[in-house]
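Let's have the full structure, built from the sequences with the hints guiding it.
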Amino acid sequence: MSIGKEQILHVARLAELAVADADVPTLVEQMNRIVEFVAQLDEVPAGEEAPPFVAGPAELALRPDEPGPVPLSHPIKAFAPEFRDGLFLVPRLGSMEDA
Amino acid sequence: MSAIQHITSAMHEGRSTPQATATETARRLTEAAPLNAVLHWSPELLAAEARRVEAVSPAERFRLPLAGVPIGVKDNIVTTEQPTTCASRILEGYISPYDATAVKRLRAAGAMIAAKTNLDEFAMGSSTEHSAFGRVLLPLDHSRVPGGSSGGSAALVAAGVVPAALGSETGGSVRQPASFCGIVGVKPTYGRVSRFGLVAFGSSLDCISVFGQTVDDAGRVLAAISGHDPLDATTANLPPIVLERPRGHLRGLTFGLPTEYLPADLHPGVRAGVDRAVAAVKELGGTVKSVSLPHSKYAVPTYYIVAPAEAAANLARFDGVRYGPRKIGPAGDLRALYQATRGQGFGAEVRRRILVGTYVLSSGYYDAYYRKAQQVRALLADDFRRAFAEQGVDALLTPTTPTPSFKAGEKTADPVSMYLADIFVCSANLAGLPALSIPVGRSEGLPIGVQLMGPAWSEAALLSMAAALEATVSATSEVR
Amino acid sequence: MAWETVIGLEVHVQLRTRSKMFCACKTEFGAPPNTNVCPVCLGLPGALPVTNAEAIRRATQAALALNCTVHERSIFARKNYFYPDLPKGYQISQFDQPLATKGSVVFESPERGRIEAGVTRLHVEEDAGKSLHDRVPGKTAIDLNRAGTPLAEIVSEPDLRSPAEARAYLTVLKQLLVYADISDCDMEKGSLRVDANVSIRPLGSTTLGTKTELKNMNSFANVERALEIERNRQVALVEAGGKVIQQSMAFNAATGEVRAMRSKEESHDYRYFPDPDLPPLVLSRFWIESQHAALPELPDARRDRLMTILGLSGYDAGVISAERAIADYFEAVVAAGADGKSAANWITTEALRGYNETGSFAVSPHRLAGLIALVKSNVVSLQAAKRIYGELPGNSDSPKAVADRLGLVQVGDSEQLGRWADEVIAAAPGELARFRAGETKLMGFFVGQVMKKSGGKADPKAVQPVLAERLKG
Chain A
7 MSIGKEQILH VARLAELAVA DADVPTLVEQ MNRIVEFVAQ LDEVPAGEEA PPFVAGPAEL
67 ALRPDEPGPV PLSHPIKAFA PEFRDGLFLV PRLGSMEDA
Chain B
4 MSAIQHITSA MHEGRSTPQA TATETARRLT EAAPLNAVLH WSPELLAAEA RRVEAVSPAE
64 RFRLPLAGVP IGVKDNIVTT EQPTTCASRI LEGYISPYDA TAVKRLRAAG AMIAAKTNLD
124 EFAMGSSTEH SAFGRVLLPL DHSRVPGGSS GGSAALVAAG VVPAALGSET GGSVRQPASF
184 CGIVGVKPTY GRVSRFGLVA FGSSLDCISV FGQTVDDAGR VLAAISGHDP LDATTANLPP
244 IVLERPRGHL RGLTFGLPTE YLPADLHPGV RAGVDRAVAA VKELGGTVKS VSLPHSKYAV
304 PTYYIVAPAE AAANLARFDG VRYGPRKIGP AGDLRALYQA TRGQGFGAEV RRRILVGTYV
364 LSSGYYDAYY RKAQQVRALL ADDFRRAFAE QGVDALLTPT TPTPSFKAGE KTADPVSMYL
424 ADIFVCSANL AGLPALSIPV GRSEGLPIGV QLMGPAWSEA ALLSMAAALE ATVSATSEVR
Chain C
2 MAWETVIGLE VHVQLRTRSK MFCACKTEFG APPNTNVCPV CLGLPGALPV TNAEAIRRAT
62 QAALALNCTV HERSIFARKN YFYPDLPKGY QISQFDQPLA TKGSVVFESP ERGRIEAGVT
122 RLHVEEDAGK SLHDRVPGKT AIDLNRAGTP LAEIVSEPDL RSPAEARAYL TVLKQLLVYA
182 DISDCDMEKG SLRVDANVSI RPLGSTTLGT KTELKNMNSF ANVERALEIE RNRQVALVEA
242 GGKVIQQSMA FNAATGEVRA MRSKEESHDY RYFPDPDLPP LVLSRFWIES QHAALPELPD
302 ARRDRLMTIL GLSGYDAGVI SAERAIADYF EAVVAAGADG KSAANWITTE ALRGYNETGS
362 FAVSPHRLAG LIALVKSNVV SLQAAKRIYG ELPGNSDSPK AVADRLGLVQ VGDSEQLGRW
422 ADEVIAAAPG ELARFRAGET KLMGFFVGQV MKKSGGKADP KAVQPVLAER LKG
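Chains as they are written, first to last, in the working numbering: chain A, 7 to 105; chain B, 4 to 483; chain C, 2 to 474.
If you are wondering where the hints come from, they were derived from the structure by calculation, not from laboratory data. Heads up, a few of these hints could be off.
[As the list claims (entries may be wrong)] SDA-like cross-link-like pairs, simulated, lysine to any residue; straight-line CA separation at most 25 Å:
(1) K292/B to R274/B
(2) K80/C to A381/B
(3) K140/C to G92/A
[Claimed, not checked] Incomplete in silico selection of chain A near chain C, CB under 7 Å:
(4) P63
(5) E65
(6) L68
(7) R69
(8) P70
(9) D71
(10) P75
(11) G92
(12) F94
(13) V96
(14) R98
(15) L99
[Stated by the list, open to error] Going by beta-carbon spacing under 10 Å, a handful of chain C positions derived as facing chain B:
(16) L49
(17) Y82
(18) P88
Think of the CB as a built atom: it goes at the ideal place given N, C-alpha and C, for glycine as much as any other residue.
Structure (C-alpha cells):
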C-alpha cells in the first residue's frame, strides 16, 4: 500500500497542519518509508479475537463527586493569545461554520 | 559516595548550605552553556529555590531525602516558575499555571529545581537534534549527539552540573541518552510515577524517568517522585518505592540474555560491553542464561504506530486558541489560524509524526495499524511475562543501544534509521516494564551502556542489582 | 404514493453532578464565563482526566431506567476533531464499547397506542464549551465553563413513525430521567438536547431510506415542527424525482426553515481510539444490581399501583404519577389519613393549580389531610373547605381553627335547623300550598332558602329531613 500526494494532503487537513507544496515530495517519500516499515506487523499472526494491550491499571479508579479543581497559579489572560471580558477570542469560523 | 549523598552530608554537617550549592550550580550551569543542554534557568530562581529549602528547620531538613539537591527538569514537565516549551515554537514563552506532580514531589523532598533542560521537540527524537532551540552536544565529544529525546538532562548530569535530572521516556528517551553519555538512566514501571504535568506524547508509553551520576542518585530521585497520584488515573495504587540496601553480590539471581538483542552484526564495542557486564554478574555470584523474546523484532514498528497515533491526538490541543503563540494565515479565518499556528509552530519531525499518527487512525486503517499494533504489543508483553514467570529470570541483561553515540547530522535525513537507535529500549515502554541503563565502559572513548529490565514493580531490586554491577565494573575504561 | 416516516432520536442529557466529568470544577449554570475552569477542562499541556464516580452512577441508573443491559466493561474513547470550544482537540466519549446497550421506552403513541421504542445504546461523554458568535463582531468568543460537563447520550432505534410520536417518546423519556433524578432535563439550560434522524420510505417497504440529521431544536414542540417540515421536504423532493442526500440540517425556529449545514467530508472521520489516559471502566454485576434496586419506582409502575391499591381512576393515577414530586405529595396526604379518592380530587384540582404556578405545594400533606377529614365528617362543606384551603398558606393554623375563625363550621343540630325551617316556611305560604298540592320539586327551593338564612353554614344533608317533617303538614 503506498501513500500519494492526495492522501498526505487529506491527512494534513484532518490534522489541521499547513503543508507547503515544496515539502510534499519529501513527505510522500518519508511517509511511504515509515508506513512500509511499520507494515512488518502484517506478518504477525493475530486474529480478530487477540486481545489488545492495555497499559496501566486493569480497572478505572473513580473520583468522588466533590468540587475542588487544581487551581491556576496565574490567570488565563497571562497565557491566552486573545482574551477579552472573560472570553477566549478566535477569528470567524469561515469554512468551519456549522462543522 | 553518590553525588546526592555528597551534597546532603555536607549540608547536614555544616560544611555547605543550600545557598552555596545554588551558587556552585549556577557557576557550573554557566560553564556548561556551550552544550546547549538548558532552555531556562536563572541565578535568581536558583537562589529562591535555596531560600525555600533554608526556610525549613535543620531538624526537618534532615528528614527530606533531597534537601538542597539541585535537579534538572526536562522542559516537557510543567513548572509555574519557569517556562515550559517542550523545545517547540508552538509553546514559546508558555508558563504553566500549575506544577507537575513530579515537580511538587521533588520540592516536597527538599530538592531545588535548577534548570529546564533541552529535548527533541515534544520528546520526539533520539538525538536531541530536533529541538527548535538548537541541538544538544555530547559533553565528551561536541561533534556527537547525547542521544534523546532527554539529551539536555543527560548532558547536564554527564557534565557534572547536577547529580540527577528528570527526563521522560516514550520509547527509551532516558536509557538511550544515559548510555550515550555514560551515566545512569532509570525508567520505572508504567504507572509508578504520575504523568500529571508531563506534556503527553504517547500516553500509554510515557513515563517520567530519571538520570543520575550514579545508581544511588537516580534511585533517590525516583523514589521521591514515585507513588500513586489521584490526578493520574493510570498510576497504580501503590506506595512510593522503598530503596533496598546496597548488596555486595548477585548470588541466587538469574540474568537472562535475550538472543534477539545480540545479533551477529552488533557493534563490537557494544558487544564487549555486554561481555564485561556478564563477566561481572558471574563474578558477583549471579547466573546467566540465554532466553528468547521472539517478538522483539516487531517492537520498533509497533512503537512507530502506537506512539504517533497517540501523539496525533495529544498534540491536537496545540491549536493557538487558548495558549501559545498564535499565527493566522492569509484567509484570516479559524482554519487559517489552526493551519498556520500548527504548520509553523511544529518542527518537521513532529509534523511527520502527527501525519503518520493521523493516517494510521483514519477511517479504514484503524484495524490494520493501531489495533494490530496493540495486539502485537500484548504478544511482546507476554514474551517478557514468560521470561520472568516461566523461565525463572530475575532480570534481563541487554545492550542499551546498538551503537555508541553517533555524529550530529548522521541520521537526520532518514527517519527510519533514527528510529532504529531505539531498537533495544522501546520494548520496555511497550510492555510497561521497569528498565535501567548503567555505563560499563568505553569504546574508542565513547560510553557503552548495558540495560537491565525487570518484571513490573521491581525497580528497587533492579536498582540494587545495578548498584552491585556499578561497584564492580569500571565505567570509564575501554572495553577492549 | 403513501409514505412512511422513519425517525430515530439522539438525546444528550446532562447528568446531575456537583463537579465535571473528568475534573473537579463545578457544574453550576450561569457562572461568569471561564471561571469554572482548571488545567484539565482548559486542555492545558500535561493535564489528565479523572472520572467522576457520580456521573457513572447516574448514567448507570439512566440505562437501567431505560431497560438497557449495563456492561461490566466499557471503554472511553477519544473522538478527534478540531473546534474552538473543544479544548483538547478531542472529546472523551465512548465508541465501540459503550456503558449500556439494547433498552426500550414504552409510551403512548398518538397514532398507534401503547408502543415500545428500542434504545440502541447509552454512553457517557463530556460536553464541549460554548461558542458565542454574536458577542464580538467578526470573532467567535469561547466560554469553557460547560466544557467537561458530564453527559449521557441516549440513541433510539429508528422505531418512531411520525413527528408527533417522536415528541411523545421525548416526553416519556424526559419524565423517566427526571423521575429517577438523573438529570433536570432543562432544554433552556442546555441540560437536554435532541438531534433527530429522519427518512421516508414507501408505505410497506422495510428498507430504510437515506436519512438527514436535524439539529438546533430548542423544545419538544420544535422537534415535532422541524420533523414535519423536513419530512414534507423529503416527500416533495422525492415525488419530484429528486434524491435525499445524507447531511446535517439546522432548524431555524424563527423562520420555521430547515437548511443544510455546510460541512466538510473529513469532519466525519473522527479517528476514534481508546483513550490511553483512562483504563477500562469495570463495574461489578453486584454493583449494577444495587443501582437497579436503588432506582425509585418509575411512573408506569407507580400509576398501576395507585390504580390497583387505592382504586384511583386511570386518569387521576396518570396525572398524579406523571411527576415524582406530585406522587410523593399524594402519598404523603394519604399517609396522613386521607382516603385516596378525596386526596386525588384535591390534588388534581386545587393543589396542582398552585404547584404548576410555583413548582411546590403550599399546604403540608398533614394539613390537607386534616381539611379532607373536616369535609368527610361534615364539619365543613366542600365549598367552605375550598375557601379554607385558600387561607392555609402563609400560616400554620389547623384547618379546623381556620374554619372556626371564618365561621365556616356547618350547623347540623336539628333545633337550630328547625328554627330556620319554621321561619322559611312561614315566609312562603304560596310555595307551601303548592308543595302540599303535590309540587314536591319545591323541596329544592326550601333547602336553598334555609341555606341562605344560615349564611351557608347549614349542613344541606341535615336540612332536608328537618324540612320534610314540617312540610308534610
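Hint check results:
| no. | hint | result |
| --- | --- | --- |
| 1 | K292/B to R274/B | 16 Å, holds |
| 2 | K80/C to A381/B | 24 Å, holds |
| 3 | K140/C to G92/A | 14 Å, holds |
| 4 | P63 | 5 Å, holds |
| 5 | E65 | 4 Å, holds |
| 6 | L68 | 4 Å, holds |
| 7 | R69 | 5 Å, holds |
| 8 | P70 | 6 Å, holds |
| 9 | D71 | 3 Å, holds |
| 10 | P75 | 4 Å, holds |
| 11 | G92 | 4 Å, holds |
| 12 | F94 | 4 Å, holds |
| 13 | V96 | 5 Å, holds |
| 14 | R98 | 6 Å, holds |
| 15 | L99 | 6 Å, holds |
| 16 | L49 | 5 Å, holds |
| 17 | Y82 | 9 Å, holds |
| 18 | P88 | 6 Å, holds |
Checked against the numbered hints listed earlier, the structure breaks none of them; every hint is satisfied.
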